[in-house]
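Protein chains: 2
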Amino acid sequence: MVRQSSPQVVRNLAKECNDLIGKHVLLKGWVERTRTHGKVAFFDFRDRSGIIQVTAHENLAPKIAELSLQDVVRVEGEVRSRDERYINPEIETGKIEVHLEKLTIISKAAEMPFDMGGKELSIELPTLLDLRSLTLRHPKILPIFKLQEAIVQGFREILKNEGFTEIFVPTIVSSATEGGAEVFEIKYYDRKAYLAQSPQLYKQIMTSVFERVFTVAHAYRAEPSVTTRHLSEYISLDAEFGFIDGWTDLMDMAEKVTISIIENIRSRVQNRELNPAKKFNLPEIKKKILRVKLQEAQDILFKRTKVDHRDQPDLEPSEEQEMCQWALEETGAPFVFITHYPKKKRPFYTMPDPRDPEYTLSFDLIGISEEWVTGGQRINDYNMLLEHIEEWKNTPENFELYLQAFKYGMPPEGGFAMGLERITKDLLGLSNVREASLFPRDMERIDQRFSVQSHISSKK
Amino acid sequence: MVRQSSPQVVRNLAKECNDLIGKHVLLKGWVERTRTHGKVAFFDFRDRSGIIQVTAHENLAPKIAELSLQDVVRVEGEVRSRDERYINPEIETGKIEVHLEKLTIISKAAEMPFDMGGKELSIELPTLLDLRSLTLRHPKILPIFKLQEAIVQGFREILKNEGFTEIFVPTIVSSATEGGAEVFEIKYYDRKAYLAQSPQLYKQIMTSVFERVFTVAHAYRAEPSVTTRHLSEYISLDAEFGFIDGWTDLMDMAEKVTISIIENIRSRVQNRELNPAKKFNLPEIKKKILRVKLQEAQDILFKRTKVDHRDQPDLEPSEEQEMCQWALEETGAPFVFITHYPKKKRPFYTMPDPRDPEYTLSFDLIGISEEWVTGGQRINDYNMLLEHIEEWKNTPENFELYLQAFKYGMPPEGGFAMGLERITKDLLGLSNVREASLFPRDMERIDQRFSVQSHISSKK
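Line by line, the protein sequences are chains D and R. Read in this note's numbering, the first sequence has 167 at position 167, and its numbers run on one by one without any break. Read in this note's numbering, the second sequence has 324 at position 324, and its numbers run on one by one without any break.
Here chain D stands alone, though its shape is the one from the complex:
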């Protein structure tokens, strides 16, 4: 932590006060919550390091009553130990408080449009998003995005260790790369272009350059319905690598990355770098994650639920959850690979299973309650790729740079992608993926809700 320089005084952070008992400190931050007990008044003060209680006695106590929540204040005072009875184990500064000596308002806040001072934040999601700039500051919301930062850091760290290079690829593309109609069209000078559905084709190209690559990419889906699982713009954690000895190498890596992300978070929680204001779902994956073919999974589900979906090309969300439950019972952790999806359910570049070409060397890693990872081996043979592009009713002209990479020497390769918001949601047990996006986009909202008239009935 750096301290800002100032001619007279140095600013202290709330968390630093634990080491400054008996000392005078200068704090700058926000008023989170106020309360009065007779002649003594308190407020919870927040800065980037956390929360600390400020206590005002005598003539300073009335000043607390005048504070608005979220006022930006400058606090001078003495750090004191709290009486045993008043220790608060829920916050990191729970054994101390700041005895107020001087209070200055730096920036005055308007009156809150909702109860921001409560420990819980009991407002409905649409309102919570309408007031996003405020609700993000709430102690039940802010830690969601500290966790999200840690997920991305964990992803990058393990892949750097595994010899991957981080790349930055474009989001404006000239055609709908992966098929499907759910793309956003851009007016690109005097032409049409599109927002990339994923960094897929570029990360594949880059395996012929760096062999092992990853990217934290923006991905876009013009999802024409409102569900709890879809965003129009999301963050995709993508990895791709060449020289696989067999396609199970891909699942091995996906498993290693998943476990590493979870263990990275666990150690940050233990080191108190991450503050679990919400209870984390941090499963311990101690046994190898089971790998079950889609058709085997459907047999398992039929036995468990008596509902026969054995003719379906994919699992429904409730079936994915049931498979997590099955995996939990089998291995102690709610994670399972579902493999060998039908060719027609996967994009054109997916490698067919040589033993049954109507199925593919593809997998989803289902975790806790939904898809954590999707991946598979890609076709690395130039001619087979050309055939698939035509079979998928597309034209090679739309894939010129992509095909170039394969025409001139591409090793056997594959990779996977993880949806950042979905993983965040699952680790915190949130009910809607929008809660795990700072500023979620969907067909009803870009920051502000579109006019009420435009609302269509939402489906789960």
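Just so you know, not all the hints are guaranteed correct.
[Stated by the list, open to error] Under the rule of at most 25 Å between Cα atoms (straight-line distance), these lysine-lysine pairs were calculated in the PhoX-like manner: (1) K160(R) to K140(D); (2) K15(D) to K146(D); (3) K160(R) to K160(D); (4) K343(R) to K407(D); (5) K108(D) to K407(R); (6) K393(R) to K343(R); (7) K160(R) to K146(D); (8) K119(R) to K407(D); (9) K187(D) to K192(R).
[Stated by the list, open to error] Some chain R residues well away from chain D (every beta-carbon gap over 12 Å; in silico): (10) E263; (11) D299; (12) V307.
Treat the hints as calculated values from the structure; they're not laboratory data. Predicted model only: the values in this text are computed from it and were never measured. Don't be surprised by glycine CBs; every beta carbon is placed ideally from N, CA and C.
Please build the complex by placing chain R on the supplied structure of chain D, with the hints as guidance.
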């Protein structure tokens, strides 16, 4: 480095061979370049760790002649020391070679459409980009993007150390946030939306949540001309922080981040983690970077060039370069802050200079040959922001979430942004910013060049 598991054999990386003299190794990678000397043939082999020479004697030598450049091969052989005379100091494995015992082609490459085997890559930029999937593999191109990775890592590392939180903000926005006509329009369901010109408004909102934030963002500019300095999509390294004691805190941080990025690269070059295939421009910034008001800079330029632009609101590119030269002479490093740009040249949220409100508390850090950083203090007073939005002929309704953050307690704050491709270009002395973007977008190209008819005359 992890090794891939296989029942019989373990793959070795080229760089590992330095420690395996006398041992049999298994390599997998690409054929970079071949040559024959009578009965002995050689090829340069590339994998993700680097390059190594493979030498074929006797009956294996003719096999080398059959190789195509960029073939993906499996090499078995013995690592041997080179004779003193043949040591190549330009590569990390220059003291050794692999004595070929078995060669297998994993994936055959078509015949190269240009001379890929040369040490230099002498093709014009448009062709270089037409063949991007191949040219990226060339030893003069590939290291550009290893450097780029290192710049981003250096940026993240210093800011994490300074207490910043990494955030992920959207690129789809509902209005042209920063003014100006150069935005791309998106068909967003049945509405219009736009691609964000920068993460500016979101990072500002987030200072009221995390106090100090950074983001590696995609930014979009519908630049209607083709220059050597502009991309339609680029990566913006953005930082923003609150509780500044004065606006010079912002320049202090920008300076610290800039120096940290450069020193991080220097130490990676020294540790041989980065291979400077191109010569790096790595200036040593030993003295404090000078801070010169725009009007003072114009006086300096007038004295040096005798051209009078003292009535202009900004510097021209050639003037920025002249100021870098001036700074080099004054301080030993070609970096200088230009400050106090006129209000009308800066976006609505820029804090006016209280001593002369027609100018602003804004700065550009000019480095080597162009703008490295742009930044400034922002208006944190809600009412002043409202006035500015109206003065800039916009409506507060377009900024609802943004204004919310300021209405409810925002500390004095500011920040800065760095264009990743421009810094990469400057550190390598590249002549065109497109060379520093993996897959550059401009009005003439998305991967493939648009039809020749659409070309307009380009200006520098």
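Checklist line | Agreement of K108(D) and K407(R) with the hint, judged by alpha carbon distance not exceeding 25 Å | finding: Status holds; Cα separation ~8 Å.
Check: Given the proposed pairing of K160(R) with K140(D), does the C-alpha separation stay at or below 25 Å?
Finding: Since the Cα atoms of K160(R) and K140(D) sit roughly 23 Å apart, the hinted pair holds (cutoff 25 Å).
Next item on the list: Confirm or reject the statement that E263(R) sits farther than 12 Å, beta carbon to beta carbon, from all of chain D.
Entry: Nearest chain D Cβ is 16 Å from E263(R), so the label holds.
Note to self: For a C-alpha distance cap of 25 Å, please report whether K343(R) and K407(D) respect it.
What the structure shows: The hint is violated at about 53 Å.
Next item on the list: Starting from K160(R), check that the Cα of K146(D) is at most 25 Å away, please.
Entry: holds (12 Å)
Note to self: For K160(R) and K160(D), compute the direct alpha-carbon distance and say whether it is at most 25 Å.
What the structure shows: holds (18 Å)
Check: Regarding the assertion that V307(R) does not contact chain D, is the least Cβ-Cβ distance greater than 12 Å?
Finding: holds (34 Å)
Item checked: 25 Å Cα cutoff - pair K119(R), K407(D) -> holds (22 Å)
Item checked: Beyond 12 Å from every chain D Cβ - status for D299(R) -> Since the minimum Cβ distance to chain D is about 30 Å, D299(R) lies beyond 12 Å and the statement holds.
Margin query: What's the verdict on K187(D) and K192(R), does the C-alpha distance respect the 25 Å limit or exceed it?
Written below: Holds. K187(D) to K192(R) sits at ~10 Å (cutoff 25 Å).
Check: Are the Cα atoms of K393(R) and K343(R) separated by 25 Å or less?
Finding: holds (15 Å)
Check: Does the structure keep K15(D) and K146(D) at a Cα separation of 25 Å or less?
Finding: With a Cα-Cα distance of about 16 Å, the restraint between K15(D) and K146(D) holds, given a limit of 25 Å.
In this structure, the one hint that does not hold is number 4.
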